[in-house]
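My request is simple: use the sequences and hints to build the entire structure.
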Amino acid sequence: MSAGFYSADDLAGLWISLRLASITAVALLILCTPLAWWLAMTRSRLRVIGEALAALPLVLPPTVLGFYLLLFLGPHGWGGRLMQQLGMAPLAFSFSGLVIGSMLYSMPFVIQPLQSAFQGVGVRALEVAATLRAAPLDRFFTVAVPLARRGFITGAVLAFAHTLGEFGVVLMLGGNIPGRTQTASIVIFNHVEAFDYAAAQRLSATLLIACFVLLLIVFAANRRVPEAAAAA
Amino acid sequence: MLSQRRFHHARVLSAAMLLFALALAAPAGAAATGAAATGPAATGPAATRPAATGSEQLNVAVAANFYGTLQKLAPRFQQASGIELLLSSGASGQFYTQIREGAPFDVLLSADAERPRQLEADGLAIPGSRFTYAIGTLVLWSPKADLVDHDGKVLREGAYRMLGIAEPRNAPYGAAAREVLVALGLWDKLNQDKKLAVGENINQAWQFAATGNVDLAFVALSQVSSDGVIAGSCWLPPQSLYSPLDQDALILARTGKRAAAEAFMHWLRKDPQAIATIKAAGYHVRE
Chain H
314 MSAGFYSADD LAGLWISLRL ASITAVALLI LCTPLAWWLA MTRSRLRVIG
364 EALAALPLVL PPTVLGFYLL LFLGPHGWGG RLMQQLGMAP LAFSFSGLVI
414 GSMLYSMPFV IQPLQSAFQG VGVRALEVAA TLRAAPLDRF FTVAVPLARR
464 GFITGAVLAF AHTLGEFGVV LMLGGNIPGR TQTASIVIFN HVEAFDYAAA
514 QRLSATLLIA CFVLLLIVFA ANRRVPEAAA AA
Chain S
182 MLSQRRFHHA RVLSAAMLLF ALALAAPAGA AATGAAATGP AATGPAATRP
232 AATGSEQLNV AVAANFYGTL QKLAPRFQQA SGIELLLSSG ASGQFYTQIR
282 EGAPFDVLLS ADAERPRQLE ADGLAIPGSR FTYAIGTLVL WSPKADLVDH
332 DGKVLREGAY RMLGIAEPRN APYGAAAREV LVALGLWDKL NQDKKLAVGE
382 NINQAWQFAA TGNVDLAFVA LSQVSSDGVI AGSCWLPPQS LYSPLDQDAL
432 ILARTGKRAA AEAFMHWLRK DPQAIATIKA AGYHVRE
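Which chain is which? The protein sequence lines are H and S, in order.
Under my numbering, residues 314 to 545 are what the first sequence spells out, in order.
Under my numbering, residues 182 to 468 are what the second sequence spells out, in order.
These are calculated hints, taken from the structure and not from any lab test.
C-beta: ideal position from N, C-alpha, C; glycine also.
Honestly, I wouldn't trust all of these hints.
What the hints assert, rightly or not - Dumping the calculated DMTMM-like pairs for lysine to aspartate or glutamate here, alpha-carbon to alpha-carbon at most 25 Å:
hint, chain 1, residue 1, chain 2, residue 2
1, S, Lys376, S, Glu360
2, S, Lys376, S, Glu338
3, S, Lys253, S, Glu265
4, S, Lys325, H, Glu506
5, S, Lys451, S, Glu468
6, S, Lys370, S, Glu360
7, S, Lys460, S, Asp332
8, S, Lys325, S, Glu381
9, S, Lys460, H, Asp323
10, S, Lys253, H, Glu364
11, S, Lys253, H, Glu506
12, S, Lys253, H, Asp509
13, S, Lys334, S, Glu360
14, S, Lys451, S, Glu338
15, S, Lys253, H, Asp323
16, S, Lys460, H, Asp509
17, S, Lys451, S, Glu295
18, S, Lys438, H, Asp509
19, S, Lys325, H, Asp509
Unchecked claim - Just so you have them, the derived chain S footprint on chain H, three or more residues with Cβ under 8 Å:
hint, stretch
20, 413 to 425
21, 475 to 483
Unchecked claim - Computed, partial: chain H to chain S, Cβ under 7 Å:
hint, residue
22, Leu373
23, Gly387
24, Pro388
25, Gly392
26, Asn503
27, Glu506
Take a look at the structure:
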């Protein structure tokens, strides 16, 4: 029975989860920054619609979201057909498909903190920078981004952690395929399904402890930088 | 000064994050191209997996209730044939949806006969490959030693708070449990009294009972019997009270490894050791 502390599936699952969560978090930060900036700064009436849309992934149960993504990205779906016309393989049951699903699933957890962080920066600081002849992009990167640092950190941490714990979407969209789409949370589920509670507990504990340490480092690093708002 | 340092700090942090993501994305890209080669769209000669591993692999979708048993069988099959089985455990209904959407499985071991029949009708299976690899047995089980009597009278006498069953609409064992309860004339009453705890699948029904959250539950014999010994107390309802729990297997039409898949199906059906393992796990087989 004891073929090492972790099975090959355990290690493959941890590696896939780590990659999926990191790529999702970084991709979401890049994608959501302009969106959140627009939501925070615009006076357009479209803003409420944008805010409502950005919160929608929270509404559907994860398996249902996964089911619709599967239909959409599968060979009969819109997205899948488009991919085929472009000469690419459909995204369902692939790692890239999981990244897309995870990004949709975790998007609200990045947009919301970023939006409130940008709102916290306020127009005042940006106007002051403008009087010092800072160009718009310069203002954004040297004033808004450093001041909204907490929003970025919160968003990154939430996206990472939420993707690690994701289950329904990846199970439906990924198909539970070892070494390709089987994340750590699915490996844990499989251990439970096979009544191997000891293995399930080992992997759960590993995931919990690793994430606790990771979050501790992020929050400690965040604390060491003096409060940005004090300067404003 | 201070603000410059702070900005520098943020820049270093974001640069480090980007580098980290790029490092991770590189193997992801490689994996994606690998997936594209075996992906559902690739039906031509490109559908064969790059022979990096040396040994042949089959992607097997297996019903949750048979997952543990197949985990035991897989290494023995690999020893006999050199073919490795990559197991994906799940619910049969979910597999049906996923296979319709092009999931890259070679073989399906379903928990029922209905969905394999449907896949065959949909043209998604290799004709003639379907067979019953195991027949499940329904059991009323309690982890308490003396709660369930040998005639199942406990159901009628009602000396229990809650009875666990699997979801009757989707889970075959749940449907069988409902058939038994209807045949005994207890179904409506138990529903009215809100005494049924319904699990999403048969494993959840078992978990309800094993953790003591329900007093007894309809589960699969394969879940509670280990080498013929059952801890706790149980009643096996007569087969006449419910339709046979045939579990069918088939080879999917999209497979690029038909010969390997056929070798596995033949082994599962004929190998005396495989059959003995299936029986010891609490199933019947049709000989």
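Hint by hint, here is what the structure shows:
no. : hint                  : in the structure
1   : Lys376(S) x Glu360(S) : 17 Å, holds
2   : Lys376(S) x Glu338(S) : 13 Å, holds
3   : Lys253(S) x Glu265(S) : 13 Å, holds
4   : Lys325(S) x Glu506(H) : 22 Å, holds
5   : Lys451(S) x Glu468(S) : 9 Å, holds
6   : Lys370(S) x Glu360(S) : 14 Å, holds
7   : Lys460(S) x Asp332(S) : 24 Å, holds
8   : Lys325(S) x Glu381(S) : 23 Å, holds
9   : Lys460(S) x Asp323(H) : 29 Å, violated
10  : Lys253(S) x Glu364(H) : 51 Å, violated
11  : Lys253(S) x Glu506(H) : 14 Å, holds
12  : Lys253(S) x Asp509(H) : 13 Å, holds
13  : Lys334(S) x Glu360(S) : 17 Å, holds
14  : Lys451(S) x Glu338(S) : 44 Å, violated
15  : Lys253(S) x Asp323(H) : 17 Å, holds
16  : Lys460(S) x Asp509(H) : 20 Å, holds
17  : Lys451(S) x Glu295(S) : 23 Å, holds
18  : Lys438(S) x Asp509(H) : 31 Å, violated
19  : Lys325(S) x Asp509(H) : 22 Å, holds
20  : 413 to 425            : violated (count 0)
21  : 475 to 483            : violated (count 0)
22  : Leu373                : 16 Å, violated
23  : Gly387                : 3 Å, holds
24  : Pro388                : 5 Å, holds
25  : Gly392                : 11 Å, violated
26  : Asn503                : 5 Å, holds
27  : Glu506                : 5 Å, holds
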